[in-house]
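K.L.:
Those protein sequences? They're chains Y, L, C and S, same order as listed.
Residue numbers in the first sequence follow this note's numbering, run continuously in steps of one, and reach 426 at the last position.
Residue numbers in the second sequence follow this note's numbering, run continuously in steps of one, and reach 426 at the last position.
Residue numbers in the third sequence follow this note's numbering, run continuously in steps of one, and reach 426 at the last position.
Residue numbers in the fourth sequence follow this note's numbering, run continuously in steps of one, and reach 426 at the last position.
Hints should not be assumed to be uniformly reliable.
Said to hold, decoys possible - Below 27 angstroms or equal to it, Euclidean Cα-Cα: the simulated DSS-like pairs (lysine-lysine) are:
{"#": "1", "chain 1": "L", "residue 1": "K122", "chain 2": "L", "residue 2": "K422"}
{"#": "2", "chain 1": "S", "residue 1": "K401", "chain 2": "C", "residue 2": "K401"}
{"#": "3", "chain 1": "S", "residue 1": "K401", "chain 2": "C", "residue 2": "K282"}
{"#": "4", "chain 1": "S", "residue 1": "K148", "chain 2": "Y", "residue 2": "K282"}
{"#": "5", "chain 1": "S", "residue 1": "K290", "chain 2": "C", "residue 2": "K290"}
{"#": "6", "chain 1": "S", "residue 1": "K148", "chain 2": "Y", "residue 2": "K38"}
Said to hold, decoys possible - Now the stretches of chain C that chain L is said to cover, found in silico as 3 or more residues with beta-carbon under 8 angstroms:
{"#": "7", "segment": "101 to 109"}
{"#": "8", "segment": "302 to 312"}
{"#": "9", "segment": "356 to 365"}
Derived by calculation from the structure, the hints in this document are not laboratory data.
Yeah, the Cβ is synthetic: ideal placement off N, Cα and C, and Gly gets one too.
Single-letter residue listing:
Protein chains: 4
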Amino acid sequence: MSNPIRYVTKVDLNKPGDEQPQVHNRWHPDVPFTETIKQGETVKIECLDWTGNQIVNSDDADDIKNVDLSRIHYLSGPFNIEGAKPGDVLVVEIKDVQPLDRQPWGYCGIFHKTNGGGFLDKFYPEAAKAIFDLEGIHATSRHIPNVKFTGLIHPGIMGTAPSAEVLAEWTAREGKLVAAEQHAHDTAVANLPLSVNAHGGSATGDLAEKIATEGARTIPGRPEHGGNCDIKNLSRGSKCYFPIYVDGAKLSVGDLHFSQGDGEISFCGAIEMPGVLTINCKVIPGGMEKLSLKSPMFIPGDVPNQYGPSRYLTFEGFSVDEEGEQKFLCATTAYRQACIRAIEYLRRFGYNDYQIYLFLSTAPVEGHIAGIVDVPNACTTLGIPIDIFEFDIRPEAEPVKIDQGNCAFVKGTDHPVTYDFKDFIK
Amino acid sequence: MSNPIRYVTKVDLNKPGDEQPQVHNRWHPDVPFTETIKQGETVKIECLDWTGNQIVNSDDADDIKNVDLSRIHYLSGPFNIEGAKPGDVLVVEIKDVQPLDRQPWGYCGIFHKTNGGGFLDKFYPEAAKAIFDLEGIHATSRHIPNVKFTGLIHPGIMGTAPSAEVLAEWTAREGKLVAAEQHAHDTAVANLPLSVNAHGGSATGDLAEKIATEGARTIPGRPEHGGNCDIKNLSRGSKCYFPIYVDGAKLSVGDLHFSQGDGEISFCGAIEMPGVLTINCKVIPGGMEKLSLKSPMFIPGDVPNQYGPSRYLTFEGFSVDEEGEQKFLCATTAYRQACIRAIEYLRRFGYNDYQIYLFLSTAPVEGHIAGIVDVPNACTTLGIPIDIFEFDIRPEAEPVKIDQGNCAFVKGTDHPVTYDFKDFIK
Amino acid sequence: MSNPIRYVTKVDLNKPGDEQPQVHNRWHPDVPFTETIKQGETVKIECLDWTGNQIVNSDDADDIKNVDLSRIHYLSGPFNIEGAKPGDVLVVEIKDVQPLDRQPWGYCGIFHKTNGGGFLDKFYPEAAKAIFDLEGIHATSRHIPNVKFTGLIHPGIMGTAPSAEVLAEWTAREGKLVAAEQHAHDTAVANLPLSVNAHGGSATGDLAEKIATEGARTIPGRPEHGGNCDIKNLSRGSKCYFPIYVDGAKLSVGDLHFSQGDGEISFCGAIEMPGVLTINCKVIPGGMEKLSLKSPMFIPGDVPNQYGPSRYLTFEGFSVDEEGEQKFLCATTAYRQACIRAIEYLRRFGYNDYQIYLFLSTAPVEGHIAGIVDVPNACTTLGIPIDIFEFDIRPEAEPVKIDQGNCAFVKGTDHPVTYDFKDFIK
Amino acid sequence: MSNPIRYVTKVDLNKPGDEQPQVHNRWHPDVPFTETIKQGETVKIECLDWTGNQIVNSDDADDIKNVDLSRIHYLSGPFNIEGAKPGDVLVVEIKDVQPLDRQPWGYCGIFHKTNGGGFLDKFYPEAAKAIFDLEGIHATSRHIPNVKFTGLIHPGIMGTAPSAEVLAEWTAREGKLVAAEQHAHDTAVANLPLSVNAHGGSATGDLAEKIATEGARTIPGRPEHGGNCDIKNLSRGSKCYFPIYVDGAKLSVGDLHFSQGDGEISFCGAIEMPGVLTINCKVIPGGMEKLSLKSPMFIPGDVPNQYGPSRYLTFEGFSVDEEGEQKFLCATTAYRQACIRAIEYLRRFGYNDYQIYLFLSTAPVEGHIAGIVDVPNACTTLGIPIDIFEFDIRPEAEPVKIDQGNCAFVKGTDHPVTYDFKDFIK
């Protein structure tokens, strides 16, 4: 009675992800099941970090610069949820998420603009990295000293498999975007199916090739099934509701984050880590129609880190971009501006822009939509917990300039670490 | 010792706003001061509702349909903060916000698409209204029955006056937007200076005309000074930091909200009310440079309503629009989708779409940026407090269809109250 | 429609309590109703401060020393709740509590050991006082500088009238205690009925005399009806359930507190003030039996001040008293010890013991039962919010000795302001 | 770099505690160190359950009835904290507490009145037990169905070793209590040193005998060093400050609780379990004098379970006992009364008194001191989280009588499971 909880996936931290058949890196209805999970059964699932062991614990960012993004994300599963049918809703309760005892560290990377980029790649095009030590609930980094925070630990990716129809829809609509807009951008606007380095789990031969050819990339979250939502509040104790499109639901999970700020702005922006998830699955028969469920919804857990509502220094961002150009109700621009305001402010304490960019990606910062109807300006806010710093960051406090060291850069490089944002008024 | 706190503004609820010289409705450096406030002095400021008494407590929405938007927003002030100089930072502590004892009700309106519109006007073009009774900390509405919530009460607008240069910049950049994009929209993309119904406070003659001609509209928040930010968390106990551009700072406040959801989606989207603000002002000399402050920032108060982190039913929205078109990292689209998902879900309990639209505007719903880098999809979340409903809205609960009455519409109209959103997969 | 909320009691701050017939200061079934309140009706009730205007805003404690305790507490009511019958349960929703605009200050007093005393009167026998300025949600005191906190505002007293039987029971059981234990104490162990200065509201003649002779003192809370519970969390938004013993329930309220720490340790220990309560009353017929309700219960509101769980410096107290004597599972002793530990600690920052005693009484400190079964030691905790101080009180911070001024003492006195508690180990 | 965190203690779940030299069950300055921990080093410590494997996962309470209390509590350590000296303060940061993967269950016991007893043993003298399944952050019990809660996981015991002087003081003062009061009680008022089954860790021969003869029992917490405080909020992320009396501090820890209500009322009252603690230790030289530290203090962590302030059904208890006898300001009596009120109320939902007693011991209920100066009544409150039940426990909800099964009792017994508390008014 009360045996240890069953592991349905174990991973190997010393082998590339594509040599491990219990993980896969494309969304496709035909990726073979790895295990069956009973309804009401609580199970444990180990996950690789999203890159499948490509990043090391070091003081340079060469691994980040050279990361092979055709390989991401390595997900555990898919799992066959006993009795699940298309049209049902899958209820997943996240009982726990933990780093692995055998690797008590994680990382955050700023990807080079030509290989992944990020929310602020226009200003910070170079690769950078910060390693975080994970001790119990706390993360600290030798690359961003004098700050310690509690992880709001969560899976960045969780989703059911698309049906063939859903998959076709994804490819079509993202293809349309690429056709229409790629020419105007210097980074990818979307990632269409890519067979190179596709990993269909235990699939072999024709099936593996089919998955590689058709399989959707795991990079974006998508409305039909969730996927790479990077919702930091999908943490311990959350209850999630997913539409089901194929028999057995084919749930996949991965991209575990020890901590992440709203936006996950540096793209590889959370504290990325391998880890173990404890979940319990149930099914609501016919739930999609019953609940009018077209996209996942969830109820967060009851143990988030709690800093007190009045312990957030909060920056405002509006949809006027860094060149002073007025955008129309663009919350994305507004949030980028809030991030820039935070960077300018936090420099007072001796950090450089890359460190702050990594910090905003990983720390439990709160990004809110404030007003989204007051033409032409959307307003968003970015709240930074005051109490995770070892010094007082409030405006009234005198800033003691501290030697804050540096984050990891590519070996042998020498490039600016600060960007000079213009004043609104010249 | 400890006399009653000094009122620096009183308002009349029975006279149009433009007959009251202690309020004004345009941003301009030359609007005359109404009062001087000492540094460190706590004062009380009465405010009109944003429309200057145009809306009545009734069961039709004719007043909303015919609202005169050239008149908005009526703001109290501007106030001369003793000793404030350009380049300084104004620190405003919001000690309290309260409705007026003499008018314990407020309203929320959905503006007609041809007269103001809102975040979902494409689907809900008609005018509608809900009246809320305000009893202590609680709001209820006969137009949206069976829900009661605590107000996270706040001023929608607070800002310092622009200098002539800042004002010119606003007009230029918004004008550029209108020139470039207005042709592609069927509602206004921005509101340029409009002399009709401009109210320059106590200004008369040439000065009044100058203000009317040049004065910026109060509709958008703007990065330089805040203004109409509609940040629901700028509530009791908040401490706000504003850049100062003119001597005396010329602080203006208004647009009080008893409660508002993140986004204030129906535009007139909060529980709008006249009320009284208690504030305390200080100045940080040279603060703009010292703090690298280009836009306002703030620290929220310590008495927000608290529903418990696990008491939010949370909807996910992605940047694929309601026609199934893929947008590129558009958080605005993503948030609109999250709102639509919430509308579809809440119909289960007998409300029609207009009621839910009004509800999402006014209730303390949380709108977060989740992931904003996973091309091409931004992901946002919309969290609804479970405990403000008198019935159980959780997915597991059986929905008891209740007669939920109706909100107020324009007299004599008959139009659909539901919009049929397509499935992602046809 | 939506008229201003009806006031059922107004009070006069310039007349002694006993000249105001709309208040009373004894519990008795026959105190005449002042007003009738309909079920479901929201009303406003003004209250005197508990002493009925005996205390003034000054820098001495002479008024505290000479306070006439035979007169307390002046309560508003009793109110006739339409339709309430014995055996029913009265549900009171506290919609709001506010100080009066016309008196924006309150006070906290340490009573002289010979006239009221308090939790630590053995060590601090002298009278003292602190005046607090109330500005919106915040309290500050010139007598305890450099601390500012948000009020968790609440009525110290709320209760239904006892029946004749309940009243008799009270007198009997408290009389028994006096008979058995008074000889061993140098302060009162209970306060039996006292006709001098009894105030039966509008009662006159024989009825007034009957109330004076039989009426229970309002000092203690009592299990049957609540009364003077001094529960700081019975604040805005709370829903309270009271047993009903007489027709109309005869609800009385008063003893408003702007803020109080758990324990209200200095007896006159909260920030005492006149104010106004907004409540809504309903009745559950037959509720006492249905809910097995013998004592009041309640559900707190959703807008308490929130400092973050990790922002409390927490002291432990055990049931070994200040002389080193082991008590048996005495939580009262344990809590006193926790208070003493806090006093010893806070001296580091320049406050004297009387100031800290006043501080612990009024600030929103949390007093918890921790372990109450580990013979012979009960363990309690006392948590102090770190963020209400203007300096850092954490152990790691270097204490800057600040001139903290002084609280108000009796004019012309000169007495120790510190008590030298022994070490546990001599 | 970043190796797995070092384990300084491992335990065996299949061997009695006294066969494991890395644990001990008495407080004594001479218990030999098990390991040395560097300042600033983070380590992991496994702990036995407090009884040293005496309790099994079964459906009877025979093990509870026959538990050998001479053996408790088995603590891991003592640890030598490098550089710690008497007079210093030991700062322990609790980085994490977890159950062991290899035993995902815990238990709560009501001890028989003749063998341990508990807070309510007068009414519930029989032995009982509930087994809890631990899945991630959640606990559920087949013996108390339809309730699920998140553990506020913590060590019940943490303390530094007493010096010889401190130890002598303990024995003297507890001996005095026994001498004075034991005759008036039918359960132990204190537990004096007891050599039988004493376990001095790796001590042998004379040293073992010395420890057995002189060693203080671990049952009570004590003001000088903490020990068995059972403070539920000493959970993940807490920072604790301990006085140091001996070289190396000799820190011991154990008695891990997955969850506990304030008071831990059934004595074996938490969800008891073996588990693993992750801690980090530092020393403040001369800290005892610097901080005036006579008893431990702490700052709680930032990840407690959070149910929302308005989601607690709260019972009031006064110092009038269950026979109607008036006690003088006795918070212990008052808290017992609050517990009784909660028991009477929760019966509505089909649980028997023993189940509720176990529930109140283990669930995260909040026990507060409310008023402690209003002679003769202390008032305490007991708050129960509404949201941990699968049904609605609020007074307005109709109670659906559910078959709630039963807790585990001693095999073959048949005794009442309900106690008939008298009304206050006969």
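K.L.:
All hints are to be evaluated individually against the structure, with a verdict given for each.
P.N.:
Structure-based check of each hint:
1. K122(L) - K422(L): holds (14 angstroms)
2. K401(S) - K401(C): Roughly 61 angstroms between the alpha carbons, so the hint for K401(S) and K401(C) is violated.
3. K401(S) - K282(C): Holds. K401(S) to K282(C) sits at ~25 angstroms (cutoff 27 angstroms).
4. K148(S) - K282(Y): Measuring from Cα to Cα gives roughly 16 angstroms; hence the hint holds.
5. K290(S) - K290(C): violated (56 angstroms)
6. K148(S) - K38(Y): With Cα atoms ~20 angstroms apart, K148(S) and K38(Y) stay inside 27 angstroms; holds.
7. 101 to 109: holds (count 5)
8. 302 to 312: holds (count 6)
9. 356 to 365: violated (count 0)
Hint compliance for this structure: hints 2, 5 and 9 are broken, all remaining hints hold.
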